[in-house]
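S.K.: Spelled out, the chains give:
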Amino acid sequence: MKQRFISSVQIILQLALTTAGLTGQSYPGKPKIIRCRSLEKETFSCWWKPGSDGGLPTNYTLFYSKDSEEKIYECPDYQASGPNSCYFDKNHTNPWTTYIITVMATNEIGSNSSDPQYVDVTSIVQPDAPVNLSLETKTSASITYLWAKWSPPPLAAVSSNSHVYHYELRLKPEEKEEWETISVGLQTHYKVTGLQAGVKYIVQVRCMLDLGEWSEWSSERNIQIPNGESPPEKPTIIKCRSPEKETFTCWWKPGSDGGHHINHTLLYSKEGEEKVYECPDYKTAGPNSCYFDKKHTSFWTIYNITVRATNEMGSNVSDPHYVDVTYIVQPDPPVNITLELKKSVNRKPYLVLTWSPPPLADVRSGWLTLEYELRLKPEEGEEWETIFVGQQTQCKMFSLNPGKRYIVQIHCKPDHHGSWSEWSPEMYIQIPTDFRVKDMVVWIIVGVLSSLICLIMSWTMILKGYRMMAFILPPVPGPKIKGIDKHLLETGKSEELLSALGCHGFPPTSDCDELLIEYLEVEDSEDQQLMPSHDNPSKNMKMIPKETDSDSGRGSCDSPSLLSEKCREPRALPSALQTQDVRAVQENKGAKRSWETQCIASEQEALLFNNESTKSSTWPAVQLLPNNQLPVFAYHSTVEAHTIMLSTTNVNISSVLVGNEEKHQSRYPVAEAVHDNMEKQREMEYSTTEQTTVQVKQNRHNDKSPFLNPKLMDYVEVHKVRQDEEPTVLLKHKDNNGKTEKYTVPGTSKEYTKVSTVVDHNILVLMPDSRIQHTPVSQEPAMETSQNLQQGQAEKNMSYCLTAPSDCKRETSGSEYMDPSSFMPSFK
Amino acid sequence: MPAYIGDAGDSPAPADPSSSVPGSGLRSAMAPARAAGRAGAVAALALLWLLVCGPGDSGCHLLTVADLFDRVIRHSGRIHSLSTTLYAELEKHFPPRDNELGKPARKCHTSGMLTPNGKEYAQKIPREELTHLILKLLQAWKEPLSHFNQHIEHHQELPDDSLSKAKQISNMVHELKTGVEKVTEKMQSMGIISNSLNGMASSEGTGLSISNEANMMSDSDFIHCFRRDSNKVQSYLKILKCRIMPENSC
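Protein chains in written order, with full-length UniProt numbering: chain V, 1 to 828; chain H, 1 to 250.
Next up, chain H with everything else stripped away, as it sits in the complex (with noise of 0.2 Å):
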């Protein structure tokens, strides 16, 4: 892993090398790629890359923790956005059979996953938990997105501009797990936070368990299960934020 953001500045493809389920579900997503998403995500990925450049890299270094956080919040911000844009045009096409909210049987695959569901637990629990438990989160949905990428491409009925969306999500989805890691390399370099969430890569293991959950899921749970994690993920990064620099408009 440490070894994968110091290659931050390389090309996205071996970005991920500890999991190369993700890489080539990205991969395979961008193969048979509608050029107009495809040159989107690309972009955006770039722009990215270009945003959070690594540390060796001169006309970056002025990048402070602030500026990475406010990106990477934005970043999620937009996913959040996009997914919950994608909810309402999947809702539209496969109606849920009752309820959407009151599906009893709706259960995200991340659910397991013990998060803090309020505003002082997730203020009390600390810094480096609260970073690993963005990355877990994000992590858990790689692999899930480009499996769901993959499997909505069969939906003719879909729209294009769905599809794209669905695309555009995956690849930002990576987008934010590479730049939240940035931000983390980067506490950890100030010595904001301790440098304990290399131990917590290990968990990486239990996504891939969870990523087989999530194939069982309909769309629209599924979008539903993003779009709420997405907006946890805000969430937390935003207290996170507020929490180690309070000063900056928060």
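With the rest of the complex left out, here is chain V (with noise of 0.2 Å):
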């Protein structure tokens, strides 16, 4: 009552006062700068009491003026350091200048200003308190020591937190009033000894700056100084818990112990019964724990529970806790967690997981009925997916993504109440990868693979033009080509051509040697039915068909034979030298007697070619070309230009098959027509040179074989087989070119891969050839001898491995129409 009249009182007071004001309002009243202060030298504040407000709404306004110029400055900051101030920062604070601060208060009438503060930054520091002070009692060595800790004063500017500070601290026990102080120095933390033991301290830090004044004493912080003769601190339940509905544990944290030891009891009573128990057991669950077992847990009622710390100064007991059993109960992880993986009718994988409850839980019963929740994720994932699955103790996840590895857990609690139990040890799986995405990536590669072949295919297509087609379509054979290849020689355009082919290594030279004669036989035959062949004795290719000529060796079947025989020896290295020795006899012109030696030479040479053949394939063709295209120019000259063709359609690639194809066909006529002559007239006198003839046709049929193998198959049937001196074959070609060679007596074992001669344009007379890739080899030096009987072996070699570019450059001619591979074991 007496409040009430006392605050009626005030309110007709300022009710008075107002109307007084209103009357007569006024200026405001002088404002007052109370203190400028800075915290750390840098930025500083200034912090006014306002005078009487006129009775109006004042504003206030500071302005300042250094020392060092005229200009009155504002201001900056007003709200920075609260009401009623003003926050210099950094950009406006200079160590060096006074300060000249006056503030003004402002109203509708008028204003009034403060008197001016005069203000030094570095006078006015004074930084603040320290804080987070803490202190802690430490005991080493039996002795107690108080360990005090601290932090200097937070500041504005986060920048500035390079000051140097001095610390002090001062403490006294609760009781007193004297403060002992002491002198820190620059650490943030102080060991204080000496401290009566059993004591409660007060303990408070202050700080400064290297310059200016202390900071104000941080809060106030107390301790109790530990002895031997306090109680100990009340200690704290931490928790309740019953892992089954049937018992349950209690845990508790001892305070502080006095420095003695401490006996725990625990007391507890039960919901309307007021006997007090103790603990049934403290040894089961461990240390600072009690173990209540069945018979003394009661279900639905509440445990009224203590945990009383004493020693030998008293004791201390903690705060009630309260458990219902019903609502403690946390079980333990489920158990025997098993992750399968299945595959559904669609072949997607799914998981099955079961688990068993833990062992202690007795869900059998129905007292305790549990449910679980599990919780997944692929392993590098960040958020557990978790599925809440009931009473269950499987369950199936579908939709799992391929090819990861899953981190699986579950945990359970009891239905209605309780708590969840820890999660279970983390279960891996990896899901495989879907078979069907697999597929899905062996597709894709296929396609794209597919496309950059067909894409490479055609634009090879493009680029080669014609020549792709010609591969996949062969060309029909035409007489036209020559012509082209004719100016390609002319030009001189052949070489480059060849070099550019450049089959280095490629099949034995030699053996292109003898596809160049038969290019050449086959040209002459086709034109001039052998005829022509006759005036260029000294180059093989046409020296061939003239000596079947000119020795109207038609017929002689038998020579073969006699060249085998005689040079029985030299079979190991078998129709080269027998072309060789046919050669030999041509040159000589039936100098028989000359044959044996000349036999032996000619092995002898194709040895030295056999052990070099490699070397000489492997020569560079541009320089060995034009040594053999200039005797063939030479003899071309003599010889009707027609042959000169032939000659180049076999430098020449592209014509080349096709020259071949009908080369052959020309020829085997030819080869038919002596055999005519040799059935009919049979005449030793021709043999000779009847069999050089057929030697050569046959080393050519042997190289061409290979060649013509896959576009004329079917020509040829076998004639007759003679067994004179050597078994040969005959073979008649039909309609298409002959190509025989392969052809065998089923009686002998020998292959009938020689051609021993034509006979009747269709019958190929065959023996027995022992390794073809000699025959090459020899044929060249044969070749040599006729050309240049001066000729020493060297240069023998050397116009062989002449000859031998030009043979490769017709062989790639070939090459082009045909698969290499398809002829090259043939030459082998």
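Rather than coming from a laboratory, the hints here were simulated on the basis of the structure. Since the model is a prediction, treat every value here as computed from it, not as a measurement. Some hints here could point you the wrong way.
[To be verified] The calculated BS3-like cross-link candidates involving lysine-lysine, where the alpha carbons are at most 25 Å apart (straight line), are:
hint	chain 1	residue 1	chain 2	residue 2
1	V	Lys-377	V	Lys-343
2	V	Lys-294	H	Lys-124
3	V	Lys-138	V	Lys-234
4	V	Lys-295	H	Lys-124
5	H	Lys-124	V	Lys-270
6	V	Lys-234	V	Lys-283
7	H	Lys-107	V	Lys-270
8	V	Lys-66	V	Lys-90
9	H	Lys-186	V	Lys-295
10	V	Lys-239	V	Lys-200
11	H	Lys-107	V	Lys-275
[Unchecked claim] Chain H regions said to be covered by chain V (calculated; three or more residues, Cβ under 8 Å):
hint	region
12	74-82
13	111-125
14	220-233
15	239-247
Built from N, CA and C at the ideal position, the CB exists for glycine as well.
Got two chains here, each in a separate frame; can you build the complex from them with the hints?
M.R.: Set out below in structure tokens:
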């Protein structure tokens, strides 16, 4: 009642005052600058006290000037330091300047200024008090000391944390008045010793920058210096838990011991009972715990539990803890977790999880019903996916990402009450990559690859143009091509072409030689039925036909046999030697006695070449070519232009095959004619020359066969098998060209790969060929001999070498149409 | 009582002829009822009656004791959940003066009943007795719950949600009791338990005296006690079921 009266009086007074103000509004009173203070010498703030407001709203403005200049500034920041203050930030603070500061209060009627305040920043520095003071007692070597720690005062400007503070610490026993001040120095911690045991101390700290004033003292902290005489602190009951809804355990945390051993006693009473019991079992659940077994556990009743800590000096009791066992059931995590991957009907894998309730939980009695929850995530994932399973003990997981490793955990909780168990240990399961996905990838790769191939194919098609076409659809042989070859030869481009095609190291050069021969001969036969070659005795190709002609060697089938007999020993280098022999014969025109020697010589040569065959093949084409070609030209000059053409065709890549084919066709007729002659006449005179022809042809055949085989397959039939001196097979070629070499006589195991002669245009005389490879080698020397008898072996070698490249070119020309691999084996 | 059980298929109104007070309580609770709560309750009631239909019912005779048990257990579980929620709500509106669990004054009106307070005890006592205990507990709550419903309707500050919960609890207890009686009857008919239960029915008078005690409690104490007893009922039902049919998901 009295209060009310007073307040009403106040209101009346105030009313009176305001009415007075209303009648006599005035200037605001003079504000007063209370203090200016810098926390850290870099910024500072000033606070003022407003004067009377004059009955009107008043604005306060702070002006300042610096002693060095005349200009007057206004306060940069009225907000940062609170009401009625001005904050000078770093940019507005100059430690070497004296600030003259005034505050002006303004209202509608007028204004009033404070007295100026002179501020030297360095002299107004006073930091805030240190913070976070913490105290603890420590005991080392049975000496108890106080350990104080604190932090420097926090600053608004985080950047300026490089300040060095000096600290002072003061402390006193709680009940005393005098402080004991300790200079700490620059550290932010201090160890106080020599304190009285069992006394409660109050501690404070303060700080100071290198100049300026000490800060305020920090807030007080109390600490009880323990001694053996004090009772222990009161313990805290942490929690109670029942793992299976039948027993439970409570744990507590002891307080600080008073330097003495403490005894803990757990006491409990049950709801509705007055009696207090002591813990039945301190041991089972470990230290600082109490285990209530089944007998001591009742449900639907509340336990009031306290823990008493006792030492010699006394005891302290914890706060009571109330427990309804029904609601503190926290089971152990489920056990026996198995993860199994199964495949559903649509081959999608799914995960089957099974687990068992924790062993302690007696779920079978119905007393405790558990509900489960599982969570899983990919190993690298962040978020768990949680699935509540209910009371089941198994779960199927679909829609898992294939190829990922999952972590799975399960926990459980009683239904309707209690809390979740810990999560079970992590289980890992690798979900296999979806097969279909794999398939998809494979298909994608296949698709990409095939499209790539197609692209390359089409690209090459475009680039190579007709070549590819020719490769796929071989051109029909036509005479036109010869003309083209001629042109090329004339322009001399053939060389370039050949060299460009470069067949180094490809099929043995000697073979190529034979090919060359063949071409030539075919040309001849086609055009002139052997006659044109007459004129070119020295050259291999020409020579052969010529001999046949000149010697009318149409028929000597025996000559090969003779040759073979004579060169029995050289047979190691079989047909080659024979041809050589034949050549020799050619050279000497029937000087048979020289055969033997020739044979030997040729054999030697052959051997030599064999040895060097590989080398020769690798010899640069360009170097060799000219030599070879020159003679060719020479011969050709004498021969008809047609022949030249043929030879060029041989060299020429593109048209070679066609030429070959034509030649084949034309040549075989020639061969037939020869055969006819042979049969009719059976004269030995011719035989020698004949044989040469045959052999050369045979060689040619050997070489050709690979080329032609794919194209002309069926034009040969075995006409006759002779068993005169040497077993030979007579092959008759049908409409197509003869490709006969490979026929074998059943009775003999020999391979009739060598054409002995060609008769009646469609009959080939075959004889067993020892080794084809030798033939070309030896043939070269033969050719050489035929060309230049005077030349030494070295020269011959050279010439051979020279011929080799040209041959190669021919081969390459052939290879244009044929897969090289198809004839490679035949060469070997 | 047996006559009542036989009438299980009838409307719930005459369901409890032995005690006119609970019946009227139910009616009085329903009369001013808010529509939603009532509809829900009636629906639930009808559902239960459908589920726990009489033996004469052709569509129901396939219901096994295990099925019935599962239903009553689930039902009791729902009651327990509801009471837990309601208890939390009441606590929010009427904060206890001191530590809720530590209130020495709290004494449930059913705490005088001797009930097994642990698994082994619950497993040891005869099935008939356990069944009877369950019924007794439910019976002891029927009338106080009705009173409670009437009482809290005057609490204007309580949200409608809480009121409808209280109503639902009351109805569900009634249903549960009916259900348990059904199971009991079935078990008796199958010879699983003896008929000695009939003799125990006389103890319902004690339920009446207890209910008066219940009216003296504070709301949150009342629900706290009910929550505890609903948990008891559920636990006993589970134990009973697993004792009778240990092979059935026990």
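S.K.: Look at each hint and say if it fits the structure.
M.R.: Cross-check of the supplied hints:
| no. | hint | result |
| --- | --- | --- |
| 1 | V:Lys-377 / V:Lys-343 | holds (20 Å) |
| 2 | V:Lys-294 / H:Lys-124 | holds (14 Å) |
| 3 | V:Lys-138 / V:Lys-234 | holds (19 Å) |
| 4 | V:Lys-295 / H:Lys-124 | holds (14 Å) |
| 5 | H:Lys-124 / V:Lys-270 | holds (23 Å) |
| 6 | V:Lys-234 / V:Lys-283 | holds (21 Å) |
| 7 | H:Lys-107 / V:Lys-270 | holds (12 Å) |
| 8 | V:Lys-66 / V:Lys-90 | holds (15 Å) |
| 9 | H:Lys-186 / V:Lys-295 | violated (34 Å) |
| 10 | V:Lys-239 / V:Lys-200 | violated (31 Å) |
| 11 | H:Lys-107 / V:Lys-275 | holds (16 Å) |
| 12 | 74-82 | holds (count 3) |
| 13 | 111-125 | holds (count 8) |
| 14 | 220-233 | holds (count 4) |
| 15 | 239-247 | holds (count 6) |
Checked against the numbered hints above, the structure violates hints 9 and 10; every other hint is satisfied.
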